[in-house]
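Student: Read off the chains here:
Protein chains: 2
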Amino acid sequence: MSDNEQPGIRKSVRRLRDRINKMFGNLSQNANKMKMQAYIAKYKGAVFDESAKKDDEVFRMAVTDLNLNEDILQTEKVTFSVTFVDGNNPFQAVQEACELMNQGILALVSSIGCASAGSLQSLADAMHIPHLFIQRSTARTPRSGCGLKRNNRIDDYTLSVRPPVYLNDVILRVVSEFAWQKFIIFYDNNYDIRGIQEFLDRVSQQGMDVALQKVENNINKMITGLFSSMRIEELNRYRDTLRRAILVMSPTTAKAFITEVVETNLVAFDCHWIIINEEINDLDVQELVRRSIGRLTIIRQTFPVPQNASQRCFRGNHRISTSLCDPKDPFSQNMEISNQYIYDTVLLLANAFHKKLEDRKWHSMASLTCIKKTSKPWQGGRSMLDTVKKGKQSLIV
Amino acid sequence: MSDNEQPGIRKSVRRLRDRINKMFGNLSQNANKMKMQAYIAKYKGAVFDESAKKDDEVFRMAVTDLNLNEDILQTEKVTFSVTFVDGNNPFQAVQEACELMNQGILALVSSIGCASAGSLQSLADAMHIPHLFIQRSTARTPRSGCGLKRNNRIDDYTLSVRPPVYLNDVILRVVSEFAWQKFIIFYDNNYDIRGIQEFLDRVSQQGMDVALQKVENNINKMITGLFSSMRIEELNRYRDTLRRAILVMSPTTAKAFITEVVETNLVAFDCHWIIINEEINDLDVQELVRRSIGRLTIIRQTFPVPQNASQRCFRGNHRISTSLCDPKDPFSQNMEISNQYIYDTVLLLANAFHKKLEDRKWHSMASLTCIKKTSKPWQGGRSMLDTVKKGKQSLIV
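First to last, the protein sequences are chains A and B. Numbering-wise (the working numbering), the first sequence opens with residue 1481 and increments by one. Numbering-wise (the working numbering), the second sequence opens with residue 1481 and increments by one.
Chain A with its partners taken away, still in its complex shape (with noise of 0.2 Å):
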């Protein structure tokens, strides 16, 4: 509301603001739902835990921006609340989301595998409430799109904050740079290969040789495996056909499955691979060249460092925690990407939050009980839903 409308109209905003302002401190719960991988990987490994715990970190640090800086929401103030949930149960997902619910939640935001995305999906389709869904990998492997189908008569309630992977075209492209004709697709447990379909495709359109083999998690039992089951011969010919490799695999994957087949002399001097994913930071890229012999090509996602170092601390108009953009903050340097995906869209939800609340024929929430048959959508959640994504354009990374 601008300063120069007439004092009457700005007083009945002000009253209906404050009563919205109450409602808002029970309702507007952001409910941030992550994989309680953080809690499995006691028993995995620590690279779970790790990540999930910074997403959790990142969500509220975020909300904590908001509520001190009045740029975007003024008097209100958003509350929230964090479930963690195990990755691999989706119904334990949709039971803590239609708790959440029940509290009364205005948007709901995951950072989850696709395996509960699924679920979440559909929940969010029938309750009308918008759910904005940053995609998680296992352990750090390369994304696959999730593939959630859907049926075409019902609205879409779930906005995908992470952009689709790109990793078909980026590979293709730089395959063919580099005029590959005959290579080989190394893959760990946790990546679902329908990702590369597209890739395998048009590569045997084109009349490219590709294998492609899963990396088991006992690396070193696999490569004894193969040397115990080849013929010579067939040796030969696949140390040949490992001259030229594609790696999708998580990094710490990667490291060792290259140490192995460096210590075990399946890859010479002349060979060239190549490692893609998202989630390889500079450390990582420092580990990989050092262990490495021959060629090795890095495809990694960067963000687009603003050219005026002042405007580092900005995203959107909004100033952002300066433990986000300080390149020498420790914590920033170990950043994940989801920690960025889930900030912004904290920032984005509460622009829409603020601008619904100036539509007065908006229906705030009311709770709902979202597990009966019987139980009627939110009435409001197409308009927020419609906010949201407007708002997505101008705002996201």
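These are calculated hints, taken from the structure and not from any lab test. No false leads were mixed into what you were given.
Note that the list lumps identical chains together, so a pair holds whenever it fits in one copy or between two copies.
Capping the alpha-carbon separation at 20 Å, the derived lysine to aspartate or glutamate pairs in DMTMM-like fashion look like this: (1) Lys1662 - Asp1681; (2) Lys1701 - Asp1681; (3) Lys1701 - Glu1678; (4) Lys1841 - Asp1866.
With chain A fixed as given, assemble chain B onto it according to the hints.
Tutor: Below, chain B without anything else, positioned relative to chain A:
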């Protein structure tokens, strides 16, 4: 209970059984969950429709058979309810299954695809309801394993009724027998290529050259695209690759695809193609052979026929509906594989119910409120599941 027991015990058993019988009427509803692709199908083609309907039909037939026959259940009767759900809406599947659990069921039978199976699996685990899962494929496309990952610390209440897919072993054996060194695999849109990961792994280690290509829904457009994008020498190389092909697709897509490649002269009489799919019936075989040129190998699933013709209509020790076992009955000719497993599952459950009714310590079920986080699972679930598992070894096709 045998007849030579003391009259007093027999009387108290009868009393117990009367009590349970009443409860059984209310509570032992087998819930046969199926894809609502039966409904969606109206918009997509008749295939889904037919097959889901037949699962329903056979399920009802099995229950009627049981209730007319005192071999297994004696005086008790089985009641049930059937719900159709959209196969791409895992939340709907959870919602419907919860509704059934609220009414009180002793087991859940599902004939559904992988997307919703994961939700039902984690729901069954949470509520301790035995879940007998008959994996359905989309539109008669070959199945891939569902790859349901689980948290190891939770008991598994899902029993996969259909045996795992043997595709990988079977194709590898066939390809090795024919001594193929270079071939192309065509798969249809609905096929999840993770199903042949192992096969690809093995052939890559043996140095065979394999191309993988998806067949689009619009086959005509796809082939026109090939012709327009490839140069003459590329097209000739491609034609050479097509001499050896494996089709992993529904019979319908296979027919259309073969017709198209034959008409456009992409293949000649020197070609050898293999079609692999559990669900190919005799009519499909005739049609596929008629449309092909060159050599065609078809791999499908068949069930052993009892040598003694009078044993045809028995499954386990139970006489089954003649419409299922008479080879001249048009109904049995058009049976889908899932139908067979549905029938057997109902028999299996009835046997297990009957055994549990004689177990006095067993917690027969009160209704569960399955979506609340605080709700308790069924205390009798574990022992029900164990009884079902024991029966499974002796009964299932």
